[in-house]
Amino acid sequence: MLTLLLIIIPLVFTIVLFALPDSKYVKSVALIGGIVEFAFSLYVLFQYQYGCHCVFNYHSQFFQQIGISFSLNIDGLSMLMVLLTSFLSPLIIYSAFTKQSNKPPAFYALILLMETAFIGVFTATDVLWFYVFWDLALIPICFLTAVWGGKNKRVITVEFLIYTLVGSLLMLIAIIYLYTLTPGTHSFSFSSYYNLTLDYKTQVWVCLAFFMAFAIKVPLFPFHSWLPKTHTASPTQGSMFLAGIMLKMGIYGLLRFIIPLCPLALGSWTFYAVVLSVVGILYSSIIAIKQTELKRLIAFSSLGHMGLIAAGVFSLTFNGIEGGILQVISHGINVAGMFFCYDIIYRRTKTGTIASIGGIASKAPIFSVFFMIILLANIALPLTNGFVGEFLLLMGIFEYNAYLSAIAGLTIIFGAIYMLWMYQRIMYGETTEATQDFPEITLQESLVLTPLVIMIFWIGIYPKMFLHIAEPYVRDLLEVLTYKLK
Amino acid sequence: MNAIIAISVLAIIIMFFGVMGKKSILLPIILLGLPLAFFLDIREWGTSVHFYNEMFIADNFSIAFNAVLIFAVFLVFMFANLYYKVVQRPLEDIYALFLFALVGAMVMTSFGNLIMLFIGVETLSISLYILAGSKKFDIASNEAAMKYFLTGSVSTGFLLFGIALVYGASGSFNMMEISNYITEYATMLPAMFFAGMLLIFIGVAFKIAAVPFHFWAPDVYAGSPTLITAFMATVGKVAAIAAFYRLASLAFANVHLHWENTLWFFAVATIVFGNLSAIYQDNLKRMFAYSGISHAGYMLLAIIALGPKSAGSLLFYGLAYVVATTTGFAVLMLIREKNGTFSVDGFKGLAKNNPIEAFAMAMAMMSLAGIPPLAGFMAKYNIFIVAAQSGYLWLVIVGVLGSMLSIYYYFKPIVAMYFSDAEPQPKIETGIPYKIHIIFCTFLILVLGFLSGVIINLI
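Residue numbers (my numbering), protein chains in the order written: chain A, 60 to 545; chain B, 593 to 1051.
Hints are computed from structural coordinates only; laboratory data are not their basis. It is possible that part of the hints are untrue.
[Claimed, not checked] Here are the simulated lysine-lysine pairs, BS3-like style, with alpha carbons at most 25 angstroms apart:
(1) B:930 x B:1019
(2) B:1004 x A:210
(3) A:86 x A:162
(4) A:288 x B:1004
(5) B:739 x B:728
(6) B:944 x A:86
(7) B:944 x A:83
(8) A:162 x B:1019
(9) A:210 x B:944
(10) B:1027 x B:615
(11) A:210 x A:409
(12) B:727 x B:614
(13) A:86 x A:409
(14) A:162 x B:944
(15) A:162 x A:210
(16) B:727 x B:930
Given these sequences and hints, build the entire structure.
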């Protein structure tokens, strides 16, 4: 029941917001919705840590009677993903509260609808509902981009929509096929899927179908072309959601489906998958260095980080997977912060071109400190959250293959290059025309950034709490994997 | 059976009141009469009565489909007021023809005898020929009627010829006896029988507009008055697909091997061609025609699979398709009335001025495209499950690929409504009844998906 409430709370606020007339209370209602959901998820965390895990398993009798199964559950992975979603959502909503921009209720309603879909994806234990939520998450981001986006927003939205839907429809084929293989009166529950014993050939096809869906979502190297475009066109809140949570759905899918369902196929392809991810890391890092637009630079840097996470997960080692999960959380926080910093700069200067911005540090010292912390977390400096995750990831990849690990490690060096160089260009030097009277950040903006910075240090200094949540899940997963590989 | 009698009587009453010139009470009578017929229909649930030496069998399958058909006509009539707003004359003939066509459609879902199938097809088609040409002074409408009549007659010829050949081989029009004949002479069925069966299938494939017998559909859909197109696209298609399933499952189930290849060819061609052609349409009515063609292809998958859940998933697909298509046409009528165009451009900026209508259209399009968790997704998805369970995974793959293509053209109106920055156009005044109807339809699209299990398990 607790788990169902996690989905219902943002859904109710979504409906309320769609029904509300445009007034000054809209913002507050949306923010209250986000905060209530976050508070509730903290309660769920409390239950998870100190209570019985049995309270999370929700299986709907009502839906059972009308012929479809609907079940939810929370395990370590779900818990962390739910926390990330509910932590970022109110911040994203609050980040839209600026004086200049007046957003109608539909804007906030879409954000909360997206949150609903994300929570649904992360808690569903029924493949059909996983798919439903997976696609539902797509609709709000499309509307956010296409209605409130920037240049070329329509073309880019349609491209994004078709690209990702193609992936998810391939996944649908695999889901349907596996459904027909489940024994007895067929079932969509995760457990009945996990209990299937598939031969190698079937696994290859199923793996391919799932891999396409998740590789497009993560996105892995050759399937990434939609990402920078969509980020450029999307409003800041859309980008924060997209990079902060939506891309993580791909990693979540890898962990939930590909590893337990097709271990044999994956086992023989691990090397290629890791190589593909590592190539993606190098590619995106090098491209990021050459970017002239701040937002595209952030987009490519997040592409590189996602590649590293994927490589760690594909290494199928304990450290790789655990580090992947932790880095999913950390990167979600960092990238949301990066995009918000970009938004602060863009709203003040009306430009995102790096060359036309300069000397902000002298005008807005507090902002430059915030930006520096988030940026260093992105580079994975020790004591920040990025360090813990990337360290574990690289260790995992090292256990798998030392050479690949060395190449993947370049991401940190490249990251330092493009990030610090960018920071130096826009923050120091002479002020330009655009930044001549760059105001210091407002209270509202610092209220968005402060929780992010707190989390950066928290995870960086004391990651044990989060690793502790993920650990049983990773152990179970690897146990299943070794059992199935025998 | 009672429902068919009730609707026939209703049609006669309508004509009677029309002659008396009481225009204002025609629609209220129909909108009261149809629910009554619906009630009479579902009251026979579970009885499975045979009429006239098994000419007409009212089993659960036909009762369920008839309920969907009556519901579809009810939806169409809800928008009749808007469409015929400017017409002065009573229109009793048109309304009565709608009802007669419905009677034909209901016979097509309940026949137990090939002759009855023929009667049903003809009752439906002849009414539709006239309706297609009911805009007497419009060239397109006349052309549509003529084309529909000519191609329809040819298809009827195929159907009759096929029935005659099957009769020649088996010595009966009764489907049970044909089925018995097949089991009895399984190893030595004459070529005449297979030729007849193929011709019957072709005749029905014409009616569902399956490729390669689809040529009439785009022109007829585009030329006919929009309300009639909505009727054709929903009632005509669902009735024909039900008849198809009945034929395949009752008469020819035992020679499944012999027709599955033909049908999967139809299905694949229909899905691929329907979706590919729809991409290039700017006229939304033509797009609906091609999208209707592709939906016939998806529905054929359930017939090819012929699994235990085939009938149920067809029923649900029909229902989901009917609701979404009617909603789409209802909004299209509005656009046409305002902007005088069926083009996608007519939808520009609709979201700003008429948010309810735009939302309804968006939901209808997404449902047809199969975006979860809307009704259309659940429908498609159940059909795919049925096909995959019977071992036609590759047909499912074709179906899914077709769905991918369809996303593009179904999103065209959505893009135009929500994402275009056209200069603000004046708000279209729609009136309260229209709003209620459209909200009702949208509600159905949103909710039906969750009821798919119940509806599929009905039959």
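Find the hints from earlier in the document that the structure breaks and name them by number, from lowest to highest. none
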